[in-house]
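J.: With chain X fixed as given, assemble chain G onto it according to the hints.
Listed here are the chains, written in short residue letters.
There are 2 protein chains.
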Amino acid sequence: MSYDALIAHVKQTEALSQAQGLLGWDQQAMMPPRGADQRADQVGALESVIHARRTDPRIEDWLSDIDGGALDPAQAANVRLISRDWSRNRNMPGDLAEAIARATSKGHNVWAAARAESDVAAFVPALTEVVNLKRQQAEAQKLDDETRYDTLLDGFEPGMRTAPLKAILGSLRAPLSDLRERIADSGRDPRDLDGTFEVEGQMSIARDLAGVFGYDWQAGRMDLVAHPFCAGTLGDVRITTRVDTARPFDCLYSAVHEVGHAVYEQGLPPALERTPAGAHASMGVHESQSRLMENQLGRSRAFCGWLHGRMVQTFGIDMGEQEFYAAVNRVTSGFIRTEADEVHYNLHVIMRFDLERALIAGDLEVPDLESAWNERFAADFGQQVTDPAKGVLQDVHWAVGLFGYFPTYALGNIYAAALYEKLTAAIPDLNARLAQGDTSAAVAWLGQNVHRHGAVLPAPALMRQAVGGEVTSAPLIAYLETKFSDLYGV
Amino acid sequence: MSYDALIAHVKQTEALSQAQGLLGWDQQAMMPPRGADQRADQVGALESVIHARRTDPRIEDWLSDIDGGALDPAQAANVRLISRDWSRNRNMPGDLAEAIARATSKGHNVWAAARAESDVAAFVPALTEVVNLKRQQAEAQKLDDETRYDTLLDGFEPGMRTAPLKAILGSLRAPLSDLRERIADSGRDPRDLDGTFEVEGQMSIARDLAGVFGYDWQAGRMDLVAHPFCAGTLGDVRITTRVDTARPFDCLYSAVHEVGHAVYEQGLPPALERTPAGAHASMGVHESQSRLMENQLGRSRAFCGWLHGRMVQTFGIDMGEQEFYAAVNRVTSGFIRTEADEVHYNLHVIMRFDLERALIAGDLEVPDLESAWNERFAADFGQQVTDPAKGVLQDVHWAVGLFGYFPTYALGNIYAAALYEKLTAAIPDLNARLAQGDTSAAVAWLGQNVHRHGAVLPAPALMRQAVGGEVTSAPLIAYLETKFSDLYGV
Numbered sequence: 001m002s003y004d005a006l007i008a009h010v011k012q013t014e015a016l017s018q019a020q021g022l023l024g025w026d027q028q029a030m031m032p033p034r035g036a037d038q039r040a041d042q043v044g045a046l047e048s049v050i051h052a053r054r055t056d057p058r059i060e061d062w063l064s065d066i067d068g069g070a071l072d073p074a075q076a077a078n079v080r081l082i083s084r085d086w087s088r089n090r091n092m093p094g095d096l097a098e099a100i101a102r103a104t105s106k107g108h109n110v111w112a113a114a115r116a117e118s119d120v121a122a123f124v125p126a127l128t129e130v131v132n133l134k135r136q137q138a139e140a141q142k143l144d145d146e147t148r149y150d151t152l153l154d155g156f157e158p159g160m161r162t163a164p165l166k167a168i169l170g171s172l173r174a175p176l177s178d179l180r181e182r183i184a185d186s187g188r189d190p191r192d193l194d195g196t197f198e199v200e201g202q203m204s205i206a207r208d209l210a211g212v213f214g215y216d217w218q219a220g221r222m223d224l225v226a227h228p229f230c231a232g233t234l235g236d237v238r239i240t241t242r243v244d245t246a247r248p249f250d251c252l253y254s255a256v257h258e259v260g261h262a263v264y265e266q267g268l269p270p271a272l273e274r275t276p277a278g279a280h281a282s283m284g285v286h287e288s289q290s291r292l293m294e295n296q297l298g299r300s301r302a303f304c305g306w307l308h309g310r311m312v313q314t315f316g317i318d319m320g321e322q323e324f325y326a327a328v329n330r331v332t333s334g335f336i337r338t339e340a341d342e343v344h345y346n347l348h349v350i351m352r353f354d355l356e357r358a359l360i361a362g363d364l365e366v367p368d369l370e371s372a373w374n375e376r377f378a379a380d381f382g383q384q385v386t387d388p389a390k391g392v393l394q395d396v397h398w399a400v401g402l403f404g405y406f407p408t409y410a411l412g413n414i415y416a417a418a419l420y421e422k423l424t425a426a427i428p429d430l431n432a433r434l435a436q437g438d439t440s441a442a443v444a445w446l447g448q449n450v451h452r453h454g455a456v457l458p459a460p461a462l463m464r465q466a467v468g469g470e471v472t473s474a475p476l477i478a479y480l481e482t483k484f485s486d487l488y489g490v
Numbered sequence: 001m002s003y004d005a006l007i008a009h010v011k012q013t014e015a016l017s018q019a020q021g022l023l024g025w026d027q028q029a030m031m032p033p034r035g036a037d038q039r040a041d042q043v044g045a046l047e048s049v050i051h052a053r054r055t056d057p058r059i060e061d062w063l064s065d066i067d068g069g070a071l072d073p074a075q076a077a078n079v080r081l082i083s084r085d086w087s088r089n090r091n092m093p094g095d096l097a098e099a100i101a102r103a104t105s106k107g108h109n110v111w112a113a114a115r116a117e118s119d120v121a122a123f124v125p126a127l128t129e130v131v132n133l134k135r136q137q138a139e140a141q142k143l144d145d146e147t148r149y150d151t152l153l154d155g156f157e158p159g160m161r162t163a164p165l166k167a168i169l170g171s172l173r174a175p176l177s178d179l180r181e182r183i184a185d186s187g188r189d190p191r192d193l194d195g196t197f198e199v200e201g202q203m204s205i206a207r208d209l210a211g212v213f214g215y216d217w218q219a220g221r222m223d224l225v226a227h228p229f230c231a232g233t234l235g236d237v238r239i240t241t242r243v244d245t246a247r248p249f250d251c252l253y254s255a256v257h258e259v260g261h262a263v264y265e266q267g268l269p270p271a272l273e274r275t276p277a278g279a280h281a282s283m284g285v286h287e288s289q290s291r292l293m294e295n296q297l298g299r300s301r302a303f304c305g306w307l308h309g310r311m312v313q314t315f316g317i318d319m320g321e322q323e324f325y326a327a328v329n330r331v332t333s334g335f336i337r338t339e340a341d342e343v344h345y346n347l348h349v350i351m352r353f354d355l356e357r358a359l360i361a362g363d364l365e366v367p368d369l370e371s372a373w374n375e376r377f378a379a380d381f382g383q384q385v386t387d388p389a390k391g392v393l394q395d396v397h398w399a400v401g402l403f404g405y406f407p408t409y410a411l412g413n414i415y416a417a418a419l420y421e422k423l424t425a426a427i428p429d430l431n432a433r434l435a436q437g438d439t440s441a442a443v444a445w446l447g448q449n450v451h452r453h454g455a456v457l458p459a460p461a462l463m464r465q466a467v468g469g470e471v472t473s474a475p476l477i478a479y480l481e482t483k484f485s486d487l488y489g490v
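Protein chains in written order, with the working numbering: chain X, 1 to 490; chain G, 1 to 490.
Hints were generated in silico from the structure; no laboratory data involved.
Among the hints, a few may not be true.
Since the list gives no way to pick out one identical chain from another, each pair is judged satisfied if it fits inside one copy or across any two copies.
[As the list claims (entries may be wrong)] Straight-line alpha carbon distances no greater than 20 angstroms define the calculated SDA-like cross-link-like pairs of lysine to any residue that follow:
no. : residue 1 : residue 2
1   : Lys-11    : Ala-52
2   : Lys-390   : Ala-226
3   : Lys-11    : Arg-34
4   : Lys-11    : Ala-99
5   : Lys-11    : Ser-48
Next comes chain X alone, as it looks inside the complex (with noise of 0.2 angstroms):
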């Protein structure tokens, strides 16, 4: 009785946080300009709603009430979830819910014309005001001996601490920066792409990469946005892309990985709909379900074969299929996390991974943001940034107070290579298939061992089951070394 009162209160509250996504999405895929404030507004008076109901006493009541030995475990999962949500929102204030629901709708928008402008000092004052909420809500929220930052890592790496993933994405940096510095002195540069690739081509491949990657077009859709991400969940999970007439890699490869996100989210069991069990296990594993589709799957020689006979189709491009995978994996220390390449990328991540806890922790403040952004990127990757829209402007998540998002990312690309090892292990015609543009084999295994399971294992353990044993960096580094050493004959 305790247990079913609890979910059907959970559920009808995460109906209304469906609705405040849904409002995110159209914010950025479809609202007018002069619609900002009043969506504000809409976000803040929903937040505060929901926030209610998170910090309804009657939860406290529900949980304490549930004989825990009746439970399957599903529920068992929900009530462990519940509880531990219920530990954070409790200690929630609802006026600072409601400012941050406001500061980050507003902080999206300032951002959105900051970075067209290139102008940070107009961010600033924005930014200022979301780390100082953000760093609110971590005091508020914080349990036992978490420092700021893992209380908000927390939110998205449910588990995770801040000490065990410095020492995770630390295990990366070394071998990468090896690898990169190989490749730098290798001499070699493969060609690009070049020419002009017109909107609607690029749009009709990024359609047929969904489907062919198990994107079901009957529960979504795809719009344009300035950063590409993904929305919803089950029968309605929508994904995004841009497109640069000079770039359809961004395009194709940005549709790729959200595809990935989204069919993790239409793969959740149906069951379990709106409870916490019945989402996805943390970012962690969502971003190894977007990585894979766009790394291990979407960017191997096999795909490149069908991609290029595509793109031939589509665009004429006058290359042969291997030089076609080069050019797709090109190396290069480009200013955009989203443009990089995977040698590249997680050096990235860690550098933002590092900044935001310094934010957070009070050790840098927003005003200082910038520079020491741009010292921290000279250093890592040999080049002055001279265009903030490319380099400190260029991500929306600090704008809308994704603290600890950032190093999820890694964290995914780790995952991603260690389930791959075990993926390639259970298809042994993987290549044949991708050749043929058939990712289905690989999106059913995934579903299989990882999309179907929701949340009702934490991450760490459905990894472990996933993959048979405990996670380590060591397959990332094994397959990049593998696959750029071949291409780059280091």
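T.: Showing chain G alone in chain X's frame:
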């Protein structure tokens, strides 16, 4: 103090209602098919929250604490309007409100599928549920000596009752029937456009028309839907249209119609944002703005000259201006209300008004609705309905619970003609302007006399002020007589 507390509460509720409005827009314009079930749950959850806020007992306390003498006219209007809503809402059970939200959300989807398949039987159970729930709503909410239908009507046309509305609409019937018969007997049948009019060209002209009629594109967007509508207010007002490649006027005049609604919403008083006094005065007034732009301005001889130019340019039509004007205003006894000419339109509306009164009163049940529709249609229009998609299934209104809404269309036509009479007197060179595609003086006059007043005055008082006396159906009858006796020589 009590006034401020009341308004803060009302504004927060209205922000949630706006969010719900966006979910409705999305459902019709964007949502993938498999999203319908979760959308119904989202709308139901939001409705439940909104209902709880609208029936919050503090509203009665705040209302009784307010010192009416200290209020300015807008504040007094807010108190008057909130009191009226309060009297209705306190009698509305929460589970009924939620059941209506769910039934009408699902009703929309069932209707869309049933219309696509011309399958009335598939629609009957869903509509039966909606009608039963609306009867219950009317019973719960009716005040004093109201009939059920009075109560529902008051939700769209505050202060109007069924009896005077029957009298006003009734005064149209004989003159319109007479005009319709004279036209039918005239033997004239202007040539219609023929050929295929591609989507892109229609949408290009539709977008131009929106700008021409004063639509602010920074505060809106236009999308394609099955049944055009307008959603939102002030900084975010979205319009929709539909495209039939054989019948471009459907797309173009639907767009102008929705722009009429949209320009009203965009022009409401921003200082009264999210308060009832800052909203539209009534649906009849709303409809007067859309019909005036669509008909009195958009289908005028002068404006048809401008539109003719755009049609020649885009589609190379082979008609002169006068013949084009006759084609735009061609009178035919068709099946579809939204495609009806100005002579037949109100006859469509009066038929629905009579049928829905019977449904709500319990004098007609949903299983008998199709035959009642078809009998009445044969009597009024001299034609047998053979495809229910062009009969009882054609409109979305009943599926989504909009009973009491249809008559406001005819009332809007009466208001539009009365306003137009004043507007032409105030702008002597109107036709010269319209011939140049310049509606700015007319739009400004409407802004000055209607839009900027919101609902500070009750709709009848606002209309009296705008037209300088009681509104009658005489200007509409005179306008139609002049226009169509000229076009048909009758």
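J.: Determine for every hint whether it applies to the structure shown.
T.: Hints, one by one, checked against the model:
no.	hint	verdict
1	Lys-11 <-> Ala-52	both (14 angstroms within a copy, 18 angstroms between copies)
2	Lys-390 <-> Ala-226	within (13 angstroms within a copy, 42 angstroms between copies)
3	Lys-11 <-> Arg-34	between (33 angstroms within a copy, 19 angstroms between copies)
4	Lys-11 <-> Ala-99	between (24 angstroms within a copy, 17 angstroms between copies)
5	Lys-11 <-> Ser-48	both (17 angstroms within a copy, 13 angstroms between copies)
The structure is consistent with each of the numbered hints, conforming to all of them.
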